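**Q** Okay, here's what each chain looks like letter by letter:
There are 2 protein chains.
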Amino acid sequence: MAKRTPSAPKTSGPARRLDELAESVVQAAEHGANPAFDIPVRSLANVSFNQKSQLIEMGERSQQRTFFNLNMAKRFMQTCLVAAECKKLLSQSKTTSIRDLFYMVKHTIPGTNEETFEDQRTESDPIIEDLEVSLDSLREELHLFASNRGALVGEITLVDSGDTINARRMGSGGWSIPSIVEPDVIQFKKCTARSILLIEKDAVWRRFNEDKFWRRHKCILVTGQGQPPRGVRRLCHRMVNELNLPLYVLVDNDPWGYYIYSVVKQGSINLAYESRRMAIPSARFVGLSSFDVDKFKIPSNVTIRLNKEDVTRAKQIMSYPWFQKKPWQREIRQMLKSGVKMELEALSSKDISFITRRYVPKKIKEGDMLD
Amino acid sequence: MAKRTPSAPKTSGPARRLDELAESVVQAAEHGANPAFDIPVRSLANVSFNQKSQLIEMGERSQQRTFFNLNMAKRFMQTCLVAAECKKLLSQSKTTSIRDLFYMVKHTIPGTNEETFEDQRTESDPIIEDLEVSLDSLREELHLFASNRGALVGEITLVDSGDTINARRMGSGGWSIPSIVEPDVIQFKKCTARSILLIEKDAVWRRFNEDKFWRRHKCILVTGQGQPPRGVRRLCHRMVNELNLPLYVLVDNDPWGYYIYSVVKQGSINLAYESRRMAIPSARFVGLSSFDVDKFKIPSNVTIRLNKEDVTRAKQIMSYPWFQKKPWQREIRQMLKSGVKMELEALSSKDISFITRRYVPKKIKEGDMLD
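Chains as they are written, first to last, in my numbering: chain A, 1 to 371; chain B, 1 to 371.
In isolation and in its complexed conformation, chain A is listed as follows (with noise of 0.2 Å):
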């Protein structure tokens, strides 16, 4: 992988994090005193909305992870393992999946039928996050990585590990976006785009790549396949700041759609810890809305019936704080009685190129999206 500056050290962030909290465990020891960690709580009790960075921010208080405690001996073994996994793959230049993970640290303690791990959900997953807090790094950043979705078309070209992609010609698949985009590993180059569309589903994605849209308003395309994974949401945040491109976000209209959109905006409550670089404050949601109908005379037929679970996650999306704008609640009352919801291809029911040809533009041009 390519590294940024040539000179930089080899242990600094994440690498050097993990070195001092192996330190700190080894001379605990030397003195004989009782090996411990801080942990940050990750429950939602320690969550909070903060109106001023309009990011669901973590708060302060954390626990002590203790080696001598009967209760805690294991999770701090495991803490170690992962951490001295994570540590191996910074010094090898190599990335992996958490399932790769699990098996790497997993393993019988010799003499002894104990196994270090288990369960990958309820073990090594959530000491990735605590390490995640601890060291105050992106698991992407201790070279670790879920899921890999989401691809990118239009005005800007840059680098991944070393090879030059100029997403103006990447015909109709795109470039697939890697899981771990951090600068180690994409820089970007000539960018000409004047904003960026993320795009909720990726069979519309394709329609608007089709048509180019990216080139005719000078965009980038990306969409994230549903709720877009971390690698899309960390690479539209760094094209968003170090490029200063406002990020349009175009998802169904449901409250599935609503929540996917507040997800890019403000982060998540389970992984509150990571809104700072990953959760994008100046997100504009541009459709599609409950208004939509009427303004663009969308036949009922295509509209879909509330269920019962529609109804009750709309409510429960009102009720959250960073929905208490007045356009949103205004927004989710309209949804809630009109007693429908609608799908992106909805507009298709007017024509194949509505959607990007008059839908899009129009509510970009006049300005007519949520906040």
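Because the hints were derived from the structure by calculation, they are not lab data. No experiment lies behind these values; they were computed from the predicted model shown. You may find that some hints are simply not true.
[Said to hold, decoys possible] With the Cβ distance kept under 8 Å, some of the chain B side facing chain A (calculated, not the full set):
| id | residue |
| --- | --- |
| 1 | Thr-95 |
| 2 | Ser-97 |
| 3 | Asp-100 |
| 4 | Glu-115 |
| 5 | Ala-151 |
| 6 | Ser-161 |
| 7 | Asp-163 |
| 8 | Gly-173 |
| 9 | Gly-174 |
| 10 | Val-185 |
| 11 | Ala-203 |
| 12 | Asn-301 |
| 13 | Val-302 |
| 14 | Ser-349 |
| 15 | Ile-352 |
Note that CB positions come from ideal geometry on N, CA and C, so glycine has one too.
Assemble the complex: chain A is given as a structure, and chain B must be docked to it using the hints.
**A** Relative to the frame of chain A, chain B by itself:
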């Protein structure tokens, strides 16, 4: 979209067959006859495994769909609507998703409360399949696609919608494989690969890419991110046949992995009509095999006990005609005997790059593969 030959008539292939279909309906109407199509039967009763071609194929049985029949009139109308929309897509050189198509053909019949279509899965999707078989055209040739998943890197240059994609310079993300990979969209240019490696899991594909396996072993690396979607299968089919390359398949060691392999190789029961243009009888199963636990001394604590469902599925697969070869019977018996399955990631317990440096090279070199 780039055309193969600029002089190719606009109504070649699927477009011409759509015209003929429409023509026959119009002629019947003009002669006061009952308009009708012949739709091949897609049920299990009309599917068989062809020992000679080694493909799961459809039989000859077909059914008439007539207009003047109370049970068929609606489906007749729906078939015409979908066919007309496909014709429009072809003449506009546009492609769309099957979801989008549903919305495009859905409307209220003027003067009634009757909808042309109520539901995608039970109405418009089956009609797309009807048209695929009747017209002997893949849905992609009718400019329709389902999902877009999968990535590619390696020793090939290809052209996608006029853009040249050098898969040797696609970074860590790779080229995102589109759903439609027919020759009018994708053309192959300089291929320096000697084989194709199709990897079930995206995370494992990333390991192979990061270790630049494709450069060392002169190959093309493809992932389908689970059961490969149609675009991935069709692209592999084209590369195998047009570039004359062997295809190796690397999947988890579980009944699902065996099944993924068999779909790539022989096709599937419910999409038997597409076998001829999707299935790759020359494909080879490179692993994971149940015998690998001993061969590669894989620690027993990374294997997973088979559950009831696994056992049922393994026995079911064992009875399929296309799994009757002795080595396959031996393979599945070994899984049932050992009582365990294994993920590709389990090999990482030995070393993070064990799978790229030792496992796959040894398997291929020694021809230790299943047919």
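**Q** Run every hint past the structure and note whether it holds.
**A** Now for the hints, and whether the structure bears them out:
1. With 8 Å as the threshold, the beta carbon of Thr-95(B) comes within range of chain A, its nearest partner Cβ sitting at about 6 Å, so the hint holds.
2. Interface restraint check: Ser-97(B) against chain A, minimum CB-CB distance 3 Å, threshold 8 Å, status holds.
3. Here the hint on Asp-100(B) is kept, as its CB sits about 5 Å from the closest CB of chain A, short of 8 Å.
4. The beta carbon of Glu-115(B) is positioned within 8 Å of a beta carbon in chain A (closest approach about 6 Å), and the interface hint is therefore held.
5. At a threshold of 8 Å, the smallest CB-CB gap from Ala-151(B) to chain A is about 4 Å, leaving the interface hint in force.
6. The interface hint given for Ser-161(B) is met, as the beta carbon of that residue sits about 5 Å from the closest beta carbon of chain A, less than 8 Å.
7. The beta carbon of Asp-163(B) is positioned within 8 Å of a beta carbon in chain A (closest approach about 4 Å), and the interface hint is therefore held.
8. Satisfaction of the interface hint for Gly-173(B) is found here, the shortest Cβ-Cβ separation to chain A being roughly 4 Å, below the 8 Å cut-off.
9. Taking 8 Å as the C-beta cut-off, the interface hint given for Gly-174(B) holds, the closest approach to chain A being about 5 Å.
10. Proximity of Val-185(B) to chain A holds as hinted, the smallest CB-CB distance being about 6 Å (cut-off 8 Å).
11. Of the supplied interface hints, the one on Ala-203(B) holds, with its beta-carbon coming within about 3 Å of a beta-carbon of chain A, less than 8 Å.
12. A distance limit of 8 Å between C-beta atoms decides the matter here; for Asn-301(B) the minimum to chain A is near 5 Å, and the interface restraint holds.
13. The criterion of a C-beta within 8 Å of any C-beta in chain A is met by Val-302(B), whose closest approach is roughly 5 Å, and the hint holds.
14. Proximity of Ser-349(B) to chain A holds as hinted, the smallest CB-CB distance being about 5 Å (cut-off 8 Å).
15. Residue-level restraint check for Ile-352(B) holds (minimum Cβ-Cβ distance to chain A is 6 Å; threshold 8 Å).
The structure meets every hint from the earlier list without exception.
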